[in-house]
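Chemist: Sequence:
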Amino acid sequence: METEEMFGLVLFAGLIINAVLIEKIKAFQKSVSEIPDKLLSLITSQIFIISIITLSLIGLVFLIIRHRNLSLERERSEAERIKDNKIEERNIVKLSCKNINGMNSNELEILTQSLEEYNQDSRIQCKIIDTKKELKRVKIEEYQKTEEYKKIQLQEEIKELKKQHYQEQLRLQDYHDAVLEKLKAEDTIIYDIEKLNKKEIEVLEKEEYKKTNEYDPIESKNKTFLVKQILNHSPSHTFLVARIKQLLEKHISHNSIRTHDTKDADLTFEINYKIYALEIEKGSLLTKKKSLRNKVSLLNNKYGQNWYFIVTNRNLTKKYRKYGKVTSRMGVRKIIEKLVKN
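Under the numbering used here, the first residue of the sequence shown carries the number 7, and numbering increases by one thereafter.
Derived by calculation from the structure, the hints in this document are not laboratory data.
The beta-carbon is built from N, C-alpha and C at its ideal position, and this holds for glycine as well.
Any given hint could be a false lead.
Derived DEER-like restraints, expressed as beta-carbon distance ranges [what the hints assert, rightly or not]: (1) Lys328 to Leu253: 42 to 50 Å; (2) Lys288 to Leu253: 14 to 22 Å; (3) Thr230 to Lys256: 17 to 25 Å.
Derived pair list, reagent style PhoX-like, types lysine-lysine, alpha-carbon separation capped at 20 Å [stated by the list, open to error]: (4) Lys168 to Lys156; (5) Lys227 to Lys212; (6) Lys217 to Lys205; (7) Lys217 to Lys229; (8) Lys344 to Lys256; (9) Lys142 to Lys104; (10) Lys190 to Lys212; (11) Lys251 to Lys280; (12) Lys168 to Lys188; (13) Lys251 to Lys269; (14) Lys324 to Lys280; (15) Lys324 to Lys294; (16) Lys256 to Lys269; (17) Lys340 to Lys324; (18) Lys139 to Lys104; (19) Lys325 to Lys295; (20) Lys156 to Lys142; (21) Lys288 to Lys301; (22) Lys201 to Lys216; (23) Lys201 to Lys190; (24) Lys324 to Lys301; (25) Lys204 to Lys229; (26) Lys251 to Lys347; (27) Lys288 to Lys251; (28) Lys288 to Lys217; (29) Lys296 to Lys256; (30) Lys328 to Lys288; (31) Lys324 to Lys308; (32) Lys256 to Lys227; (33) Lys331 to Lys295; (34) Lys212 to Lys201; (35) Lys190 to Lys168; (36) Lys227 to Lys139; (37) Lys188 to Lys205; (38) Lys280 to Lys325.
With these hints in hand, go ahead and build the complete structure from the sequences.
Modeler: Right, dumping it as structure tokens:
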């Protein structure tokens with residue numbers, strides 16, 4: 007039952023829809039068949055033709071105006087380009103001829119930036135190179151005027167001076183050592199100052215050689231010598247010992263001569279298998295009687311009659327004579343020559 011009712015409802019609805027759609031379809035088919043006639047009527051109408059002509063004229067006018075505007079724009083652009091080129095050329099000429107002498111670093115940096123805008127131009131390229139070189143030079147010059155640079159420069163100068171001083175000290179030391187080697191200072195106690203130059207004298211004085219004016223027993227006259235002091239002996243004492251030794255070496259082998267820094271005699275030497283002794287005195291033992299007697303006793307016991315006092319001052323001769331044989335430096339040469347002959 008329910009199925010039959012449902013079928014009836016569907017059938018009724020289909021009939022209604024069919025009635026409505028048929029009318030619509032027929033109306034649409036009629037409208038479509040009338041389109042060609044209406045279209046032809048529209049195209050051939052006077053209004054349509056006038057409208058088409060009007061639109062064409064409007065389009066043509068638009069194209070003419072647009073073309074004119076484009077031409078004007080091109081002319082304006084060309085004029086501006088020519089103007090810009092002239093301005094650029096003037097700027098290039100002005101910049102390329104710019105005098106950079108006397109400019110500070112800020113001015114040169116601004117100029118460099120301006121030049122970079124035209125760096126495709128060969129004239130500007132050369133100017134850029136020159137300006138950058140000048141900028142570098144000016145910056146260095148400006149920096150050199152700052153306190154920081156002056157401080158660094160002063161430190162460098164001090165360092166260089168120290169280096170030069172050190173090198174000079176080395177050079178002087180080398181020269182100093184060379185002079186000492188040449189003069190055989192290691193084995194020489196006295197030097198005749200007349201045989202030395204100024205530099206050699208300076209070197210020896212730095213080695214604590216002292217100037218002393220002495221009577222020379224070899225040349226029998228007063229001369230100036232440089233003497234290196236030995237222990238606590240005076241320059242005169244050291245000079246006499248060394249000079250008498252040189253005097254003896256003129257007569258006998260140096261192997262036969264001895265100098266002593268002990269309580270023994272100052273100088274001993276052998277001639278004809280006999281040992282002789284010389285004691286240099288400047289008068290100090292005269293105030294030390296006990297020491298003087300001990301010295302005399304030692305010399306007598308060791309050398310018998312073969313020893314002499316050599317006094318540095320001839321006025322002391324008489325005072326020492328009562329203790330032993332004595333002579334001044336002026337007489338020592340005769341004594342040695344006499345001993346050699348015997």
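Chemist: Sort out whether Lys308 lies within 20 Å of Lys324, counting only the CA atoms.
Modeler: 24 Å, violated
Chemist: Quick one, are Lys288 and Lys217 close enough, alpha carbons at most 20 Å?
Modeler: Distance ~18 Å between Lys288 and Lys217 Cα, so the pair holds.
Chemist: Please verify whether Lys217 and Lys205 have alpha carbons no more than 20 Å apart.
Modeler: The hint holds at about 15 Å.
Chemist: Taken at face value, is the distance from the CA of Lys324 to the CA of Lys340 at most 20 Å?
Modeler: 18 Å, holds
Chemist: Using the C-beta atoms of Thr230 and Lys256, is the stated range 17 to 25 Å upheld?
Modeler: Since Thr230 and Lys256 have Cβ atoms about 21 Å apart, the given range 17 to 25 Å holds.
Chemist: Can the restraint linking Lys328 and Lys288 be considered satisfied, given a maximum Cα separation of 20 Å?
Modeler: 16 Å, holds
Chemist: What's the verdict on Lys156 and Lys142, does the C-alpha distance respect the 20 Å limit or exceed it?
Modeler: 19 Å, holds
Chemist: With a cut-off of 20 Å on the C-alpha distance, tell me whether Lys190 and Lys168 pass.
Modeler: Distance of about 32 Å is beyond 20 Å: violated.
Chemist: Assess, step by step, whether the Cα of Lys227 is no farther than 20 Å from the Cα of Lys212, and give holds or violated.
Modeler: 27 Å, violated
Chemist: Just to be careful, I want the Cα atoms of Lys168 and Lys156 compared with a cutoff of 20 Å; is the pair within it?
Modeler: Judged against 20 Å, a Cα distance of about 18 Å means the pair holds.
Chemist: Is Lys201 within 20 Å of Lys216, Cα to Cα?
Modeler: Holds: Lys201 and Lys216 sit about 16 Å apart, inside 20 Å.
Chemist: Mind checking the alpha carbons of Lys251 and Lys280 for me, to see if they're no more than 20 Å apart?
Modeler: 17 Å, holds
In terms of the numbered hints stated before, the structure departs from hints 1, 5, 12, 14, 16, 29, 31, 35, 36 and 38, listed from lowest to highest.
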